[in-house]
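Q: Spelled out from the first residue to the last, the chains are:
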Amino acid sequence: MNIFQYKKKIKKNGLKKVIREIMENIKKNDKYNAFISVNEKVLEEAEKLEKNGKNNKPLHGVPISIKDNIAVKNQKLTCGSNLLANFISPYDATVIKRLKNAGALIVGKTNMDEFAMGASNEYSAYGPVKNPLNPEYVPGGSSGGSAASVSGNFVPVSLGSDTGGSVRQPASFTGCVGFKPTYGRVSRYGLTAFSSSLDQIGPITKNVDDTSLIYRIISGKDNMDSTSSDRKIEEYKENCKKEYSIGVPFDLIEDIDEDIKKDFLETIEQLKNNGHTIKKISFETIKYAVPTYQIISTAEASSNLARFDGIIYGNRKQNEKNLVSVTRDRGFGIEVKRRCMVGTFVLSSGYSDKYYKNALKAKKIISKELKNHFKNLDLLALPTTPNKPFKIGEKSDDVLYLYKGDLFTIPANLSGLPAISIPVKKNGDFYSSIQFMSNSFQEEILFDIGREIEKMGGKK
Amino acid sequence: MSDFNISKIKKLINIDLSEKKEENIKKDIEDILDYVEKIADIEDSKINYFEKSVDVQNIVHIDTIEKKEYEKKIKENFPKKIKDYLAVPKYLGDD
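Residue numbers (the numbering used here), protein chains in the order written: chain X, 1 to 460; chain P, 1001 to 1095.
Hints were generated in silico from the structure; no laboratory data involved. Even glycine gets a Cβ: it sits at the ideal position worked out from N, Cα and C. There may be inaccurate statements among the hints.
Stated by the list, open to error - Which chain P residues stay away from chain X? Per the calculated CB distances, all over 10 Å, these:
1) L1012
2) E1023
3) D1031
4) H1061
5) I1062
6) D1063
7) E1066
8) K1073
9) I1082
10) K1083
11) D1084
What the hints assert, rightly or not - Stretch by stretch, here's where chain P covers chain X in the computed footprint (C-beta under 8 Å, at least three residues):
12) 210-222
13) 323-333
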């Protein structure tokens, strides 16, 4: 069910009844391990909302799940880590305040790769998440629990965070819409930092209209995040259909999964028949994308995660001489340790020029190439992922396979550009998805093309 | 990647690892570092890598002290408390 259908159900059955059903469903039927914790006070909150009378808020009573690295007041904030197993957030993230002001009810916190590091949701201290489309397979990551909570029909919307594709890739693996806004469009206040220059919060939904609605509510200037932008948010445009100029780097899709490639090319052909101009483009600098991401994100992570030492908060391991190092060893999982070590190494004296400074240069040239493309293009299209979901455990020993799977999603993070992933066709259990990128703050174009893809007979 | 010294990195990031864990993680990190070396061929010295990618501005605020309503909640997250104070283990020694 999407937001519109939930609103209808609430109107018909009453808010408390609907929320009670959702909570029972999560508690009894979360066979996908999508949730880490639930909001035990949500029924009281629903009652309060009902007593307030008017049902005139855009998200009145709409149940939403939240990735467990986003702060929700008085709820657990584990970040998928043992180290924060008992941490309770004292405040709401800005996105949560905005959702609550719009009438939304937060039903629970979703499972994730520890500190958002991972692409399969197998690196959670709370166990792997299963893909609702086939529970033997991964749901993607790191927002895998969020994606499973929407795909598994527990909630119509979930918020995730996207540092290298962590919203779009799990959305694609589970047949949902995933969206990363322009860097600076959505406040990061209350999002546990992984890689501060790349992180953005974004929604996972059932359709593009819901994505557009949530985006409108959570975005905008916030004094608590000085990187948030005060640029005006465009008005909602329904059916503003226009013929767009769409760039496609065809060379990049030669060696990807055959079904994904076929579905992508068919979609592009259909867009051409609909009147859009398709331009073959090159995207030379994408060859630097994954290494650049792995250097910059790990460097920032090694610094951001230094605060988790068990002194002021966290799951402290009481040990007189090595309190911090023992706490961090027992608190962090293997992927977090790996990335913090890589990040520390690439920043260390004697190596920072070779790795970190070159990565900053590569980030710059990737951004420049994309910006140049958008002088002549409205959109750039690629498949969201080069591969389909894999079985849980199948790729555990192949770290580089997981890293390379983010090839098509990482450029939007490195350049700060917005991007949307939309399912286009089902093959067996899973969907192929198409990803569109646009120029900074041109989110409306993404929603417009997304709605067109849906009308073309994509997933729904 | 022979340059990677896991013992030094362990100290820098303040983390204990058993020998077995160390062996497993070292191989992965060496593979990762070999892979990311791809960017070593970027030689353009004219690139201003500190220039921002998007047009957002950092704003510097004057620090102001505010009494936050959630002070009590922050203290509730202390791993160990003595009365209203954060408790840490006594640490004496050279290392």
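Q: Going back to the hint list, which numbers does this structure go against?
A: 1, 3, 4, 8, 12
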